[in-house]
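There are 2 protein chains.
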Amino acid sequence: MSLIIDCHGHYTTAPPALEAWRNRQIASVQGSAETPKPSELKISDDELRDSIKANQLKKMQERGSDLTIFSPRASYMAHHIGDFNTSATWAAICNELCHRVAQLFPDHFIGAAMLPQSPGIDPKTCIPELERCVKDYGFVGINLNPDPSGGHWTSPPLSHRHWYPIYEKMVEHDIPAMIHVSSSCNACFHTTGAHYLNADTTAFMQCLTSDLFRDFPTLRFVIPHGGGAVPYHWGRFRGLAQALDKPLLSEHLLKNIFFDTCVYHQPGIDLLTAVIPVDNILFGSEMIGAVRGIDPETGRYFDDTKCYIEASTLLSADDKHKVYEANARRVYPRLDAALKAKGK
Amino acid sequence: MSLIIDCHGHYTTAPPALEAWRNRQIASVQGSAETPKPSELKISDDELRDSIKANQLKKMQERGSDLTIFSPRASYMAHHIGDFNTSATWAAICNELCHRVAQLFPDHFIGAAMLPQSPGIDPKTCIPELERCVKDYGFVGINLNPDPSGGHWTSPPLSHRHWYPIYEKMVEHDIPAMIHVSSSCNACFHTTGAHYLNADTTAFMQCLTSDLFRDFPTLRFVIPHGGGAVPYHWGRFRGLAQALDKPLLSEHLLKNIFFDTCVYHQPGIDLLTAVIPVDNILFGSEMIGAVRGIDPETGRYFDDTKCYIEASTLLSADDKHKVYEANARRVYPRLDAALKAKGK
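As given, the protein sequences belong to chains A and B, one line each in that order.
Position in the first sequence (first residue = 1) + 83 = the working numbering.
Position in the second sequence (first residue = 1) + 83 = the working numbering.
Chain A on its own, in the form it takes in the complex (with noise of 0.2 Å):
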């Protein structure tokens, strides 16, 4: 039996005191309240406790998932509001929470690392969060925001300089980056329907065309929703590499890029694992997040993604195993680590 890993869950269902906070933080960004102090939110761990048990922790159990890889709730990282210290400020009280519930609930969740990200500033600012949530927390992960701008893309490619204070500490502590971003602020843009796919496309292709894996030949990215629109198009992206003169993908980039299966339907689930290399495949749900209803044509929740993988006729048992559990061991070392410390 596989431990079946979920390296995609956000904390979505947040006590409210939360989002109050919050939209108190941003009414003094707007400068019509004072600033709240992070100690003026107060949620208990019994409130805390039945936020997940009623919801993520519930579902996990009906679905059969043992573990989530849980981070903040990526629509509210908003990294395009206020200035670093907003993102400061915000990402400390996010990160702290999931830990929280990763104590709480130590056999299933474990956590990873929202960043305070801040448009045009430089990332190394993130370096302090992050290394708190490695080194205090235990978390196994980051989220990286390739778009802090919610939606604007005026930061550099993830294949610039710019971001390389991030991948050299993310080397150093042998931890992946999920490229997540968060809400969009651009009216083009619906936040789950369109820019959350659109830049899990854009990040895979700024990595085709650099080098950015010579550089760093053990970073590692988890392209959360099946790669966006990446697997579907693959011929397409195979061709391009071709025509700039870059290695097959399979050397370019498919030691360092994994995807999720944040694909909501069969036929979906079929083509990536038909397509990708199940090396390079881990389970993921993004439960509960974007798509919360029961498909009609199905009688089961959309995310319900274990349904698809279950189903699948292409993977064996082993490839089955991969996807669950080894890969997910395999590109989170510390998330390895951690179980294996429990006997796991």
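Treat the hints as calculated values from the structure; they're not laboratory data.
Certain hints may be false.
Since the list gives no way to pick out one identical chain from another, each pair is judged satisfied if it fits inside one copy or across any two copies.
The list that follows gives simulated cross-link-like pairs (lysine-lysine, DSSO-like), each with its CA atoms no further than 30 Å apart [unchecked claim]:
(1) 403 with 427
(2) 427 with 120
(3) 329 with 142
(4) 141 with 427
(5) 329 with 141
We have chain A; now place chain B onto it with these hints.
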């Protein structure tokens, strides 16, 4: 036998004089040269003939396609350069060349117009060129760029009244628009590897969140490149529509939105045809376009999309007829009329 109609071809092989003229125009925009006159661009019919015979027509004959809906090179539209007058002169030149190609090869090419869009300029300024192309040139469709800024996404969504003057003319003349961006001047977005696909996904989601097709029940959009990320994430889009209390996508969007087959590998085409109703799929290759090489895995050109349709085990002979011919005749009624006038 079906007529094989390729709904997606651009004049990417125009004689070098065209690019030289454009470079002079760009230099003039930058203030480093005189504005060139359109009359200074001289391209003979023989040059046009050669540029087509050695390229698009040669490949069409090799691959067995009959007729291409032919528009100016998408990446060269570059609506972000200069002002409305820059775009107006450039669009007129490019459209006229496509018209001349269609006159030289009337059995093999029929025109679709680029519009003289310019960031921040009212789209109604495009109407004279649109009408010239339809009335004087017999063009059967247009390309509409949802982001004339070239990757900065500064225009309103396609559902906004901003675009309605174009839609009113499309309905009046019964022509569809292919939603097609141009080159990206944002370093984050590779033009053909990210910006094109992102725009496809973005446009679909802009339609999904709106009631645009309630205002324009007969408006038709062709979303190219196999719909960007959309078919791969069809479950996600069905789920988002449901969460937004929209009708089923078949009702809400698929009377008005169509996808081409510019997906450059068999698994992608198989997914497209498995997920999207066959009535909504139009044969397209974008040959000669973004991906010009030969796939080492198949020995065939990546963009020889007819191969994938032919090899499909999901499409019946009737289905293939729809993809190759019948759907194009329905979506482009002026194409159908032009063919019928020739007894086809």
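Consistency of the hints with the structure:
For the homomeric pair residue 403 and residue 427, the shortest alpha-carbon distance inside one copy (18 Å) is at most 30 Å, but the shortest distance between copies (53 Å) is not. Neither within a single protomer nor between protomers do residue 427 and residue 120 lie at most 30 Å apart by alpha-carbon distance, with minima of 40 Å and 75 Å respectively. For a Cα distance limit of 30 Å, the shortest separation of residue 329 from residue 142 across copies, 26 Å, qualifies, whereas the shortest one inside one copy, 43 Å, does not. For the identical chains of this complex, residue 141 and residue 427 are intra-copy neighbours only, at 22 Å inside a copy versus 62 Å across copies, given an alpha-carbon limit of 30 Å.
Proximity of residue 329 to residue 141 under the C-alpha cut-off of 30 Å is restricted to the inter-copy arrangement: shortest distance 28 Å between copies versus 46 Å within a copy.
Comparing the model with each numbered hint stated earlier shows that hint 2 is the single one that does not hold.
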